[in-house]
Amino acid sequence: MTGAEILIECLRREGVKVMFGYPGGAVLPIFDKLYDADIKFILTRHEQAAAHAADGYARATGKVGVCIATSGPGATNLTTGIATAYMDSIPLVAITGQVKTFLIGNDAFQEADVTGVTRPITKHNYLVKKTEDLARIIREAFYIASTGRPGPVLIDIPVDVQQKDVEFIWPKEINIRGYKPTLFGHPGQIKKAAKLIAQAKRPIIYAGGGVISAGAHQELKALAEKIRAPVTMTLMGLGGFPGEHELSLGMLGMHGTAYANHAIMEADLIIACGARFDDRVTGRLDAFAPHAKIIHIDIDPASISKNVKVDVPIVGDAKNILGQLIEEIKKLPDTRDWLKTIEQWKRRHPLTYKDKDDGKIKPQYVIEQLYYLTKGEAIIATEVGQNQMWAAQWYRYEYPRTFISSGGLGTMGFGFPASIGAKVGNPDRQVFDIAGDGSIQMNIQELATCVCNKINVKVIILNNGYLGMVRQWQELFYKKRYSHTCLYNPDFVKLAESYGAVGIRVVKKEEVCSALEKALSIDNTVFIDIHIDPEENVFPMVPAGEAINRMIGGMA
Amino acid sequence: MKHIISVLVENKPGVLARIAGLFSARGYNITSLAVSETLDSETSYMTMVVEAEDERVLEQIKKQLNKLIDVITVTDFTKREHVERELILVKVNCSTKDKEKLETVLRKFLGKLIQHKENIAIIEAVGEQEQIKNLLESLKPFGIRELVRTGRLAIAST
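Protein sequences appear in the order of chains C and L.
Using my numbering, the first residue of the first sequence is number 1056, and each one after it goes up by one.
Using my numbering, the first residue of the second sequence is number 67, and each one after it goes up by one.
Hint data in this document are derived by calculation from the structure and do not stem from the laboratory.
Each hint should be verified, as a subset may be incorrect.
[Stated by the list, open to error] In silico contact screen, one side only, chain C against chain L (beta carbon under 7 Å); selected entries:
1) Tyr1090
2) Arg1174
3) Asn1230
4) Gly1233
5) Pro1356
6) Ala1357
Note that CB positions come from ideal geometry on N, CA and C, so glycine has one too.
Only chain C is shown next, with the shape it has when bound in the complex (with noise of 0.2 Å):
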């Protein structure tokens, strides 16, 4: 088999369904082969598109994502939706073409030294030099991105590899002597956490994507329920457990809910789950939980410690070890003066807006409306900015799997293409992309495959005319030099019209509800352009550098 039928054979093998991607010269021979291949290809109409919308079927099914280009710049726009991924711990299998193995290094047509660019944002990458090895490095690259903490792998095929004949041999099994990870938690370690968590007067969980990405979210709501404990979420982690569960402390952090940001302050033991203490979290580090013990359940070594000291690590499988742990606690915390307290927090500071009678739109009245319509059934792709935090805060999501963000790296362009990816691993799932006017752009380019395809996402567009969020730091701590924030749009619904898709725009508060409805009647893509309240802000908002419970803005 050539080394193009060996790369179609093994991903038939290892289950890939679809792919994303986009032809170039030094990947005709694999696209040839994906011509009669049993694989539904979605060809994007940017690379970037191609990998956020692998990353994004990746994050809606738990399946390896998978994306194709072509070598030099085909690779390199790539990189973003690579990074994005890496940060976010998302299983992707990047392809990349690389020009003639006897060219590399010469600085040939087309050719970049994309391993070498991509090391750093990949969790492990492989230049193939021999047609023999591929079979091997397929599935080894499936195996790396899809276990331990997962991440993007990229596997750099040169023409002539693609070109060689050679036997097919399908390794039986994978041996990577230097990659072994943990998978279940250390007894010893469980049993201490099951102490601390006895002794505990006022322990809250806070949850990370890794809740998600393990399939633990059934333990984590065994787990809260058993020792009656809050669960608060990171971005990454909702959907994690249920945003209407009466335990539910919504999301923490720069733009988290008062309550959550004051239970994890004023908390005596923090049982931190699959997720890695990030800066919009913790905010000042020096002034964050100081009465907290902490309890951190990862994957991932080097992220215990990292930023925050903890008193009892547990690295493993976070499904595993909550297992490990319900099972372990005999005695059970009393939390019930903790519960009242947060319950006294919740009453006190709810997450809120002001609407006046204006006739302007708010943007949190869309999100709201939304889920009311969609009854938090949907997925919900989000850009990056104040249309993410929006979403974010004013959506429940009740299961994992339903929210869809860029929440490391914070890639604008990443919500549609995602979207797209999304809706493809899930065709009978309604899926919404929600926008600003800024970051829709980014990708817009993207109608074309949504149209071509009958993919049939709805994109929400909070358009404010602004870099929102940027124009929020603006005005909050640049006194109101909104230098370069202010935008010149298209007409949307006429741009969406012209790619063949239907446009929608809401200038009216009353018509809110009706073009969200109208929207999900219609069988194709959609845009709907929402004219919101241009200077509305994203409150609670914790100041960059601030305890986390100095919040500003948004109380009641």
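With chain C's structure known, arrange chain L on it following the hints.
Relative to chain C, chain L alone:
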């Protein structure tokens, strides 16, 4: 504080770049680095001296190294009984009449004269950091023209 860390890695192209990239990306300091094959040609030892301001940074360096797929084991010699050596080559000024004096110094500090021509002596020395420091100190009066060193190597005692 300086620590010797020995990293057993896959002997593959790009591995050194991965390690170097890790150090630069995360802002860790590397003082010296020695790389060579082990008995098994498929693996290499990278013996490095790293600078870490505290235990937390040292732990992070070790954990991040361990995360690399091509890293097989990471050994920290800080709290482990070990033997360490460094090899240096030094070029010093030395006229024929000074040769006797130089040889006395070398005998005292375990240096070895390996070449002497045109008033230039090349000296080799292997030793622990203290020995090497003392030798270099005593060679200063001759005038050191050039110095190359391997960086520290270490091996566990048992």
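Taking the hints in turn, this is what the structure says about them:
With its C-beta approaching chain L no nearer than about 33 Å, Tyr1090 (chain C) sits outside the 7 Å limit, and its interface hint is violated. Taking 7 Å as the C-beta cut-off, the interface hint given for Arg1174 (chain C) holds, the closest approach to chain L being about 5 Å. The interface hint given for Asn1230 (chain C) is broken, as the beta carbon of that residue sits about 12 Å from the closest beta carbon of chain L, more than 7 Å. For Gly1233 (chain C), the shortest C-beta to C-beta distance to chain L is roughly 5 Å, which falls under 7 Å, so the interface hint holds.
Taking 7 Å as the C-beta contact cut-off toward chain L, the hint placing Pro1356 (chain C) at the interface holds, the least distance being around 5 Å. With its C-beta approaching chain L no nearer than about 4 Å, Ala1357 (chain C) sits inside the 7 Å limit, and its interface hint holds.
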